[in-house]
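If you're matching them up, the sequences are chains A and B in order. Quick note: the first sequence, position 152, residue 152 per the numbering used here, numbers continuous. For any residue, its number in the numbering used here is found by taking its place in the second sequence, counting from 1, and adding 1000.
Please note: incorrect hints may appear among the correct ones.
[To be verified] Keeping only pairs whose Cα atoms sit at most 27 Å apart, straight-line, the calculated DSSO-like set for lysine-lysine is:
| id | chain 1 | residue 1 | chain 2 | residue 2 |
| --- | --- | --- | --- | --- |
| 1 | B | 1050 | B | 1060 |
| 2 | A | 86 | B | 1049 |
| 3 | B | 1049 | A | 138 |
| 4 | B | 1049 | B | 1063 |
| 5 | B | 1071 | A | 197 |
| 6 | B | 1062 | A | 202 |
[Said to hold, decoys possible] A partial selection of chain A residues facing chain B, derived with a Cβ cut-off under 10 Å:
| id | residue |
| --- | --- |
| 7 | 92 |
| 8 | 315 |
| 9 | 329 |
| 10 | 331 |
[Unchecked claim] Ranges between beta-carbon positions, derived for each pair:
| id | chain 1 | residue 1 | chain 2 | residue 2 | range |
| --- | --- | --- | --- | --- | --- |
| 11 | A | 114 | B | 1039 | 33 to 43 Å |
| 12 | A | 61 | B | 1053 | 52 to 62 Å |
| 13 | B | 1032 | A | 133 | 46 to 56 Å |
| 14 | A | 235 | B | 1040 | 46 to 56 Å |
| 15 | A | 224 | B | 1068 | 44 to 54 Å |
| 16 | B | 1090 | A | 64 | 22 to 32 Å |
| 17 | A | 85 | B | 1061 | 21 to 31 Å |
| 18 | A | 235 | B | 1039 | 53 to 63 Å |
The hints are simulated quantities; they were obtained by calculation from the structure and are not laboratory data. All C-beta atoms, glycine included, are put in the ideal place defined by N, C-alpha and C.
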Amino acid sequence: MGITKKTLMITASAALTVATAVPALALENEFHGMFRLFGAVSNFNATDNVEGFYVPQGNPKDAPTATYIAQRARLMYIAKANDDLKLVTHFEIDSRWGDAAYTTKRNLGGAIGADTVNIETKSVYLDFNCPITGANVKVGMQPNDDAFKGVLFGADMAGLLASRSFGSLDAAAGFFRFNDSGLPGKQARDMVAATAKYAVTKDIKVGGAYYFIDDDRSAANDYVNQEQGNTNTIHNVGVNAEANLGPVTVDGFFLYQFGSLRAPASRHVSAFAGNVGARGKIGPGTARTEFLYVSGDKGGSNTTNAFQSVDDEHGFYNGNMQLLFRDAYAMTIDNAVVYTSNNQDQGVIAGFLGYDLPVTSKLSTSFNAGFAAVAKENGNKPVNPVTGQANKSNYIGTELNASVDYKLFDNMTASVRGAYVILGDYFDGVAAGGQDPRDPYMGSVILNYAF
Amino acid sequence: MKKLALMLMTAVALSAAAPAMAQEMTKEEKDMCLLASKNCAGEVDSIQKKMKKLQAEIRKGKKVYSAEELKKLEQKLKEANDLLDALMKQGGGK
Chain A
1 MGITKKTLMI
11 TASAALTVAT
21 AVPALALENE
31 FHGMFRLFGA
41 VSNFNATDNV
51 EGFYVPQGNP
61 KDAPTATYIA
71 QRARLMYIAK
81 ANDDLKLVTH
91 FEIDSRWGDA
101 AYTTKRNLGG
111 AIGADTVNIE
121 TKSVYLDFNC
131 PITGANVKVG
141 MQPNDDAFKG
151 VLFGADMAGL
161 LASRSFGSLD
171 AAAGFFRFND
181 SGLPGKQARD
191 MVAATAKYAV
201 TKDIKVGGAY
211 YFIDDDRSAA
221 NDYVNQEQGN
231 TNTIHNVGVN
241 AEANLGPVTV
251 DGFFLYQFGS
261 LRAPASRHVS
271 AFAGNVGARG
281 KIGPGTARTE
291 FLYVSGDKGG
301 SNTTNAFQSV
311 DDEHGFYNGN
321 MQLLFRDAYA
331 MTIDNAVVYT
341 SNNQDQGVIA
351 GFLGYDLPVT
361 SKLSTSFNAG
371 FAAVAKENGN
381 KPVNPVTGQA
391 NKSNYIGTEL
401 NASVDYKLFD
411 NMTASVRGAY
421 VILGDYFDGV
431 AAGGQDPRDP
441 YMGSVILNYA
451 F
Chain B
1001 MKKLALMLMT
1011 AVALSAAAPA
1021 MAQEMTKEEK
1031 DMCLLASKNC
1041 AGEVDSIQKK
1051 MKKLQAEIRK
1061 GKKVYSAEEL
1071 KKLEQKLKEA
1081 NDLLDALMKQ
1091 GGGK
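Using the sequences plus the hints, can you model the full thing?
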């Protein structure tokens, strides 16, 4: 057999080998994604802040009405080797129409010409069931939410989370690195997490969680008007529960924090957050209610009672608010009267009422009201620029909102929403010239497609 | 020998092409993939469709599935729910 014949034989054999090997190498490729368009007419986001707290103090009482349109796409690719092993990747591209073009920055690329390098990586993690321990392991940059309705943290974070069921008990433990600045591994902010949930009966579940957050960054941080030391240590211990009581479902949590904010703050931490929520069928729709208390601090003592939420990497969205608390649909523009649970070390006392009313299989409506006050006043309370005095009242405001959702397709919904906040006396006379800031409002139209 | 090799290669090529040929329409049939994006080869389920299918299978219960299989289906439904949550999750400007 000559070289040519040999080569042909080898090639043919190799081709056959590859052809028969393909099924064993087969991957299940999963693509998912979403697209959201958010158009708003508002005098709320027209303050100087694109992200953060509502800041009427010192600004003209009539914040100008602004109209903007933002869009966001998310793309998820999952490479699934089998039921026990997959790689999850998740990307995001978002911009505000008209913002900038021909540039290289996230959240931009909405101006004429586009051509912007703006793809963000949200998650990249391996998800596998360990054949030795039987635990599910997620390792890499992954989404992770606290067990307390988002008052502490809820964000993408790098780490390892192992979870396993033991009959009626679901347990999980993990390590996450929030930040690592300077010399790698020397100035990090880490979290150790342990959670458990036990199904007492089919309808009653109780759980507990411990999160230890150690901040050794000794550097500028991302906290928003929240007193911090250069290094900080916080222990978070909490319980949660959920019960289906016939037509009503009740859930809630209590979370206690202790630890220390070191120099220059040099304060011990003793803070808490508590919540009770209920929802149930009333008439043709579903009624919802939530109560939230987050402790605050007035300052001037060795111990702070200010609840230590993680930067602005969290949010309490159960009240379905659009302006008073962070809006679940906010994208590149995201501000709120109560922007973080810490609420500028003041904490918050809030109550929410809601009613979801389906009209047809495609049309549904939702009505919500929210009431909020700061738990403790402190130096972050806005002052009258003329008198230099803050108001006695701690009442922040009342939000009334409504939305109408129409299902255009199985996986696409169009929504029209309106929200209005009646500002409380907390904000009286804090606008320029000692005037009362005009009540904030927002009308919005949203298109949501997910696949 | 050369002929044998060529025949083998042809066989491999044909075996790879076979699934594509199976999808082809007869001359009289409408191509619904081109016409209405339906019944396309390689069509995959949206996450909502996948969840509906899982829910339908779970409803069949123990008449069709063993307890272990039902648990697995429920786990897959939870995973699909978590994926949809991750896609729709708020996140503001972050």
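The hint says 53 to 63 Å between residue 235 of chain A and residue 1039 of chain B; measuring C-beta to C-beta, is that right? 57 Å, holds
Next item in the hint list is residue 329 of chain A. Is there a CB on chain B closer than 10 Å to its CB? Nearest chain B Cβ about 7 Å off; hint holds.
27 Å Cα cutoff - pair residue 1062 of chain B, residue 202 of chain A: 18 Å, holds
Is it true that residue 1090 of chain B and residue 64 of chain A lie within 22 to 32 Å of each other by Cβ? 26 Å, holds
Check the hint pairing residue 1071 of chain B with residue 197 of chain A against an upper bound of 27 Å on the C-alpha distance. Since the Cα atoms of residue 1071 of chain B and residue 197 of chain A sit roughly 18 Å apart, the hinted pair holds (cutoff 27 Å).
The hint says 44 to 54 Å between residue 224 of chain A and residue 1068 of chain B; measuring C-beta to C-beta, is that right? 48 Å, holds
Would the hint linking residue 86 of chain A and residue 1049 of chain B be met if the CA-CA limit is 27 Å? 21 Å, holds
At the C-beta level, are residue 235 of chain A and residue 1040 of chain B separated by a distance inside 46 to 56 Å? 55 Å, holds
If you take the shortest Cβ to Cβ gap from residue 331 of chain A to chain B, is it below 10 Å? 7 Å, holds
Do the numbers back the hint for residue 315 of chain A, that is, is its least Cβ distance to chain B under 10 Å? 6 Å, holds
Given the hinted pair residue 1050 of chain B and residue 1060 of chain B, is their Cα-Cα distance within 27 Å? Answer holds: residue 1050 of chain B to residue 1060 of chain B is near 16 Å, not above 27 Å.
Status of the given 21 to 31 Å range, CB of residue 1061 of chain B versus CB of residue 85 of chain A: 29 Å, holds
Every hint from the earlier list agrees with this structure, and none is contradicted.
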